[in-house]
Structures are given as C-alpha cells and as structure tokens.
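Let chain F serve as the given structure and place chain R on it in line with the hints.
Letter by letter, the chains look like this.
Protein chains: 2
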Amino acid sequence: MKTDSLLKKYYQQLKVLRAFESTGAALSWDRETWMPIGASADRGEVLAVLAGFHHDLATDKKFVALVDELFEQRENLDPIARRSVTVVKKDLDKSVKLPKEFVEETQEITNASHHAWIEAKQTNNFALFQPHLEKVVENRKKYAALLDPSANAYDVLLDSYEEGLTTAYLQPLLAELEDGITELLPKVLKAQASRKDLVNPLDQHELDIVKLQTFIKDMLSQIGFDWSRGQMGSVEHPFEISISPNDVRLNTHYEKKQHSFTLTGMVHELGHGLYEQNGDPKYIEAGLHHGVSLGIHESQSRLLENFIGRSIEFWQYFLPQLQKHFSQLKSATPEQVSLALNKVSPSFIRTEADEVTYNLHIILRFELEQEIIHGRLAIKDLPESWRAKMKDLLGVEPTTDKEGVLQDVHWSWGDFGYFPTYTLGNLNAAQLWNRFTKAHPNWSVEVAQGNFTSYFHWFKEHVWQHGSFYTPQELMEKATGEKTKAEYLIQYLNKKYL
Amino acid sequence: MKTDSLLKKYYQQLKVLRAFESTGAALSWDRETWMPIGASADRGEVLAVLAGFHHDLATDKKFVALVDELFEQRENLDPIARRSVTVVKKDLDKSVKLPKEFVEETQEITNASHHAWIEAKQTNNFALFQPHLEKVVENRKKYAALLDPSANAYDVLLDSYEEGLTTAYLQPLLAELEDGITELLPKVLKAQASRKDLVNPLDQHELDIVKLQTFIKDMLSQIGFDWSRGQMGSVEHPFEISISPNDVRLNTHYEKKQHSFTLTGMVHELGHGLYEQNGDPKYIEAGLHHGVSLGIHESQSRLLENFIGRSIEFWQYFLPQLQKHFSQLKSATPEQVSLALNKVSPSFIRTEADEVTYNLHIILRFELEQEIIHGRLAIKDLPESWRAKMKDLLGVEPTTDKEGVLQDVHWSWGDFGYFPTYTLGNLNAAQLWNRFTKAHPNWSVEVAQGNFTSYFHWFKEHVWQHGSFYTPQELMEKATGEKTKAEYLIQYLNKKYL
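Protein sequence lines correspond, in order, to chains F and R.
The opening residue of the first sequence carries number 1 in the numbering used here; numbering runs sequentially from there.
The opening residue of the second sequence carries number 1 in the numbering used here; numbering runs sequentially from there.
Excised from the complex, chain F in its bound form:
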C-alpha cells in the first residue's frame, strides 16, 4: 500500500483511540467532581470496559502492522507523521514486551498496595505497607527487565515518565542543585528569621466560594485562559485534565479559610491549562497536540505559580480586584501576601514545601529510589533511611512515618522514577524564565499592570504551540539553546531569596 493511504488509515485509528481517551478523561473528571459516591463501582466497571476496548484497539494486530510499516518508511513521512509514528511505535514495542499476565499481575499488586498504603498512612503503621511495597519493587524490577534487560533498571523507569531521562544525566544535575540549595538555605533562613509567624492575610477569613470562583475565573481570563474552551471544578486534590484541546478543565480545592492554597493551586493548574489550550491545531490529527512530558508540563505550572503568581507585582494587580469582591480583605497589602507566599521553612511534607526546600524532598526520593531499585536498601530499613536523609538534607526529622515515608501516594501505585520530573519541572522553569526575562526585562512592570501579553506570547511561541512535536530536551534546546541545567534554578533562588 502507498504511504499516503497507510497514513490515512493510521490517522483514522488514532482518531478512534483519541475518542476513547477523551471519554476516559471526561469520565475521570466527572468522577472527581460531580459523580455521586454511590456510583463508584458502576463507574469503575464502565471505565474498565472502555479501557479494554482502548487496549484492544491500540494493540490490534492490523494496527501494529500498520505502525511497523509506517515506521520502516519513516524517512518518507512528513516530520509530523514521522514523530507521531515514532512515539506510537515506542509505546507499542512496550506493550509487545509486556505479557498480558504481567500487566494483570501489576494491576493486582498495585491495587492491593495502594489500599494497604491508605490504611498504613491512616494508622501510621509502615509494617502494613512493607510487604506490599516489597512486591511492588520486585514488580518494577521485572518491568524494567522485560523492557530492556541490558539497561540500568532505574533508567528504564525514568524513561517511562520522561522520554530520554537517565540517571547519568540526572545525577550531576541534582548534585549541583543540592549544593546550591544547601549553601543558600541557611542564609535564607537567617534573612527570614523575623518572618517566622507570618500569616497570609488571605487565610484569615471565611470567604464566599461563589464570589471567589467569580474572581478566579476573571483572574484566569486576564492571564490568558480561554473559558470558551475550558471549565473549572472543585476537587479534593487540584489537577488539570484535557478532555480535548478545546475542553481543558482546571480544578482546585476549596477550604473554609486556606484561600491562598486555592488561589496558588489554580494559578498552578492554569500553567498546565495554557500549555494544553495553545498547542498548534496542526498536531491534533497526529496525536501530538498535548504537552510533551511531565517535566515540561510541570515547568509551565511551576513557573506561573511560583515565578509569577507569588510575586509582589502579581498581587499589586490582583489583590485590589480580590478586595473589590471581599471587603474583609481591605487591609491586606500585596507585600504581605507575597511575603507570606514565599516563606521558607524546612518541613516534613513535600506538597507543603516552599520553593527552596522543595527540591531537597525530591533529591531524597531520587536517592532512595535508586538504592531500592538497585537492591542496596531493604524496604524494612526504608523508614529509618528516610528519617536519616531528612535530617541530613533538610535538618528536620519526622517523628511519625505518616509525616515521613508514608506521605506520598506514588510508590503505592508503583510510580518509581516519577518524582524526579517534579524537580526537572523546576529546573526547566528557571531555565525558560531566564530566557524569557532576558527577552522581556520589563515583565514585572507589565504584570503589575495586569499585562500578560509578553508572557503569553513568549511561552506560546517557545513551548506551548509545539505540543509533543519535539522531545523534551529538543524543546529545551530550541527554546533556551541548551539542555536542562541546574545553574538557572540556583541563580533564580539566590536572586529571589537573598
């Protein structure tokens, strides 16, 4: 068959697969927002049926043969088709190497492990989780061996979350970052000593949620979100989900008084949302419209949340608008809000960590994950190693496992190799930010005036429009002239916090 007609068939099958993916996303969003609790089992059954169809379609022999044939002819394909076929071929090769029994076994092991983790965390009892985590680790080793028996097992895991990521690349990067932060941290703590009891004026009052949502919607519009192609939702844990490029949903969590968490959470999700809304439509057909990787996606959310959304200038513009809705906040100043949002203080919980100490939490996990996957650390000794590393890296030591090794959900689902993408996001953010601020040195003046045009256009041009057309590191090189480095984040943190 001719390449053109092969490609037509291939795109047709991608469209069908995309319909199932879009459906899965819509049903997942609904589950987290509006689905009544009593429908959990029914929804589970529906999602399982749809996932089965998706799997059968994606691994259908005819489709596999089609992809193989196109892959062989890849030099004759236009660049978009070539990248599409390469990405799909990589996924298919994985599916081929993983026997069905292994996939089912993985599902069973991680389901049981996740449930054990919930109970272990609730009761602060690591022993409940330990045998399950041991099985999960064995399963992850097996997974890596099945995919590439000759490779470094942890590298195989890393690559499954971030295309092309390796230990050899990460190690020096994170070592440099660790040095930078441990040098900076005591200075910042000394400088911020007087701010110890600082409370955010946004967290002092109960605010009407509907009014708060009205403000948020308006704020996000002004930064560049297109509500005719998006929606917001109220959820337990904030997240962004794309049902289609024209249906991007930003979800945050509302508390009675912790409104700063709601607001920064929404600005974070907006970063993800702008990336998803602004891919070039020419990539849709080839399935390359969505953001390319966790590490690039997280750079967009962290940059908007931390670099812009916690600045004084941001609140110089938006606080007066918020005060118009809520007279209770009238005595708050942008300086107070921004200072409180940038308080640095080593603590136990990663998700509550400030910008400076956050990456130390990730470095801890990166080191422990390697020890575990390479069999140098027994799971039974993990809580102790965790505490020791916390003391070493952050100078604080949790007294309970709940605040220590049991705090994150990731390992319970078998997500070893995922955590580094968070720090990668921070590194990418700082490196892109360095370029952006060089191109637009007036950014802070603009933001203080509510002018997000430079921000929007620079990131659309250099990141968002490209979807998944480039690999993460190609994108970084194209946008900044170099691969991800540590120095920009260290520079940024030094400049901001000293």
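A few of these clues could be false.
The list treats identical chains as interchangeable, and a pair is accepted whether it falls inside one copy or across any two copies.
[Claimed, not checked] The list that follows gives simulated cross-link-like pairs (lysine-lysine, BS3-like), each with its CA atoms no further than 25 Å apart:
| hint | residue 1 | residue 2 |
| --- | --- | --- |
| 1 | Lys211 | Lys460 |
| 2 | Lys211 | Lys257 |
| 3 | Lys15 | Lys496 |
| 4 | Lys496 | Lys343 |
| 5 | Lys460 | Lys217 |
| 6 | Lys495 | Lys190 |
| 7 | Lys380 | Lys187 |
| 8 | Lys217 | Lys256 |
| 9 | Lys256 | Lys324 |
| 10 | Lys211 | Lys256 |
| 11 | Lys485 | Lys495 |
| 12 | Lys211 | Lys324 |
| 13 | Lys343 | Lys389 |
| 14 | Lys343 | Lys402 |
Hints in this document: simulated from the structure, not taken from any laboratory.
Below, chain R alone, put in the same frame as chain F:
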C-alpha cells in the same frame, strides 16, 4: 450450547452495551451542564465514535444469533431473562429491517430539519421549515413501511415510543378526555375569574441560587431522593438522566425571578429520578432496571409535580423551610403559592399550559399527526389547521407560527407519535393516584407534616421496583386492576378545580 452458558454470554454482552450507554449518558449530561461551548464539535465526534461502537456491538452477527437462539428457547428461561430477550429481540428485529442507508438518510434529514426549525422559529417563518418537514414526514412513512408494511403507519410510530400503543386504543381514550375537559374548562374559568392577575409570591424576588439549591437538595431528600446515588445540574431545559441506577441526575433551569418554574421543574424531575433510583437491583443484569416507558415515566413526574407538588399541603410544609432561607418571602402563604401554581388559563404554548388545558394541546397534536401521516393534510396547510384547531379546542388563536405550529422541537427531529405519551402520563398518573389515595386517604395530612413515607412505599411497591419487567399496560393492570382509562383524570380535574 446450553441455555445457561448462552445466557451468561448474553448478559456479558449486555454489560458491555450498558457501559457504552452509561458513557453516552454521562457525556450528554456533561455537554448540557459543564462542557465549554468550544468543545461542541470535539464532543460530537467522540459521541459519534462511541455510537458507532454501540451500534456494531448491538447488531453484531454473533450477538444477533445468540439472541435468536435464546428467543427460541424463551419458554425455558426464567421470567426476567425471558422479558429481557423479548425486549432486545424486538429492538434487533427493527435494526435488521432498517437498511444502513435509510438510517444515515434519516440522520441527515432530521439534522437539516432541526436546523431549519431553529431558524424558522427564530424568524417566525414557517416557509423555511416546510420543505424539511415534508421530507421528515416522507421519511417517517418509509420508516413505518419498512418495519411493518401491513400495519397502520401511525401505530408503528406510536409503538416506537410506547410499547403496544395503538390509535384504536388512544382514540376513544382521548375523545372521552376531550369531552370531559371541554365540559369542565368553562366552569373552571368562571370559578377562577377573580384570579386573573394572580402572581406567584415565589416569583417576585431575585433569590441567591446557591441558597436555593441548598433548599432544593434538602427538599428532595425529604421526599425520598438519595443524593449518595444522584446529583443535580443547572441546564437550559430541565431533564432527568440516569447514568447508572446509582447515578441519577436531576437538572433544572434557574431564572432570576421565575423560581416557581425552577421548583416545580425540580419536583417533576424528582418523579423521574425516584422511579430510576428504586428499581429492584435484580433487574440490572438483564437490562430491565430502568423505567419501562415514556407514558409510565411521565406519570411519575407529573404525579409528583402536579398532584402533590402543587397542593396547599405540600407548601404548608415546605414554604416555611424556604422562608428560613429567604426572608424576602416571609409574607407569602401556602395558599397563595398553591393558588398561583394551579391557575387555569388557555394559552398558546404547550409547555406553559396548566393541568386542565395541557391535554388539549396534546389532543390537537395527536389529531394533526394522524392527518399528516395518513396523507390527509398537506404540510403547507398545517399552520392554518393548527390555528383552527387551537380556536376549536382551546378558544384561543395564536397570531404567529412561533407561538403555534413552530413552538415544539419534536417534529423537527422526526418524533411523530411521541406527544400522546405526555397525555398517557397524565392519565396513568390520575389512575395510579386514585388507587394510592384509596389506600392512603390521609395522604394530604401526611404531606402537610412532611411525611412522604406512604407515597414513597406505595409507588416503590407498585411502580418503581418493577423497572421494565412488565409492559406498560401490564404494569397499569397490576397496579390499578385495569388498563389506562380516561375517567380518573377527568374525575381528578373535576374534584380539584371545582
């Protein structure tokens, strides 16, 4: 193969089909509530892909053979399986008789017709709609001929909305009802002459929607809705939709001031919702859990909305609760609210009609539909016939087609034979109500005290629990001892309005 293993395979396939149906319902609900407008085309594509899979699965040759084999063995099946196979077989027989080209043609004709209708209604220009409606009518005749060339074409259409419904059955029923109403109406109008300018005290103030939703949620709980298996939504046109028996969504429309519409609308949808929430779970596997027909479903919504929800006793209980949320309403009395909700006045628009004149709107449509389908009335003469019949039946004549023949969406979608199910719903409601009130003569005292136990249990026992296990008329006979008759509605209206 043995019956048992055939049945197991059959139920397995029903489960898969149900997953697609549930997905379709969830995506439709989302489209009407939360989906951003910009995602319309994407959602349309997704729904088309899913509908294609559902169609292929439902008409899959192996499945058809399986159903045929089970149908032949139906005497050996348990009663639930027998009813299930009978219903599915009937649907499959239809699919077999309708060629794919005809189905596609129907889609095209009705899509074009629906769009023409929107424009025609907006611009009050029947001529725009006329050629499309002509095609729709030809298409419906063809549909009836394909399904059963020897039957009365209008009967075939009726049966596709209400199992077993025929002109011969409906004609005398509606004639009797017409007589009853035309005798009653002038008396009611005379008795209500003083109420001409009566306004509903619930429609005098702008009320906070969030507070109103809180009240509605609480009101519906007290009547018997289980919110752990349901949700509410805000929509343009109120409707109920079941995503699963444990996920029933009630949707109403909010206006700045027309709160009585919102409240009666929600009580109406609650009637549908209670029916869907309270089917016996033993019917789920066989796909017989949902309400059996439009005529029975509508009886449950109309009964709760009109017979209970517009009574003084209902508002004696709920108005004080509403007043607790809204001090603006403190001078309203249950009598004022109930009187306003039961004002009778012949008008042009069916959906705004009162309980007495409503069925005259349906009788008009029933008569015109027969004329049209049997070729005795040309579409070009339809507006004129409409006006003449309005004058004849209701004593009022619309000056525009917008308020006349163009008011309803149904014909634009090809739904000829649908309207009678609305009146059937009213007749069934009155007949069931007659039985219920004989069993529970104290119902009004109970309702005034907020006690809905008798109501809930009687309807659960006699209607809701049975799902689709009985045909509509079997259900009516089982619940009331006789098939649907006209006298109970006439009695009810006479008693209530005189």
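Consistency of the hints with the structure:
1. Lys211 to Lys460: neither (30 Å within a copy, 41 Å between copies)
2. Lys211 to Lys257: Both: 14 Å inside a chain and 20 Å across chains, each within 25 Å.
3. Lys15 to Lys496: neither (46 Å within a copy, 58 Å between copies)
4. Lys496 to Lys343: within (12 Å within a copy, 70 Å between copies)
5. Lys460 to Lys217: The answer is within: 21 Å in one copy meets 25 Å, while 44 Å across copies does not.
6. Lys495 to Lys190: So lysine 495 and lysine 190 pass the 25 Å test inside one copy only (15 Å; across, 85 Å).
7. Lys380 to Lys187: Neither, since 36 Å and 87 Å both go past 25 Å.
8. Lys217 to Lys256: both (19 Å within a copy, 21 Å between copies)
9. Lys256 to Lys324: Both: 19 Å inside a chain and 23 Å across chains, each within 25 Å.
10. Lys211 to Lys256: Classified as both; 13 Å inside a copy, 17 Å across copies.
11. Lys485 to Lys495: within (17 Å within a copy, 84 Å between copies)
12. Lys211 to Lys324: Classified as both: same-chain Cα gap 10 Å, cross-chain 22 Å, threshold 25 Å.
13. Lys343 to Lys389: Result: close within a single copy only, 23 Å intra versus 76 Å inter.
14. Lys343 to Lys402: Answer is within: at 24 Å inside a copy they meet the 25 Å cutoff, but 64 Å across does not.
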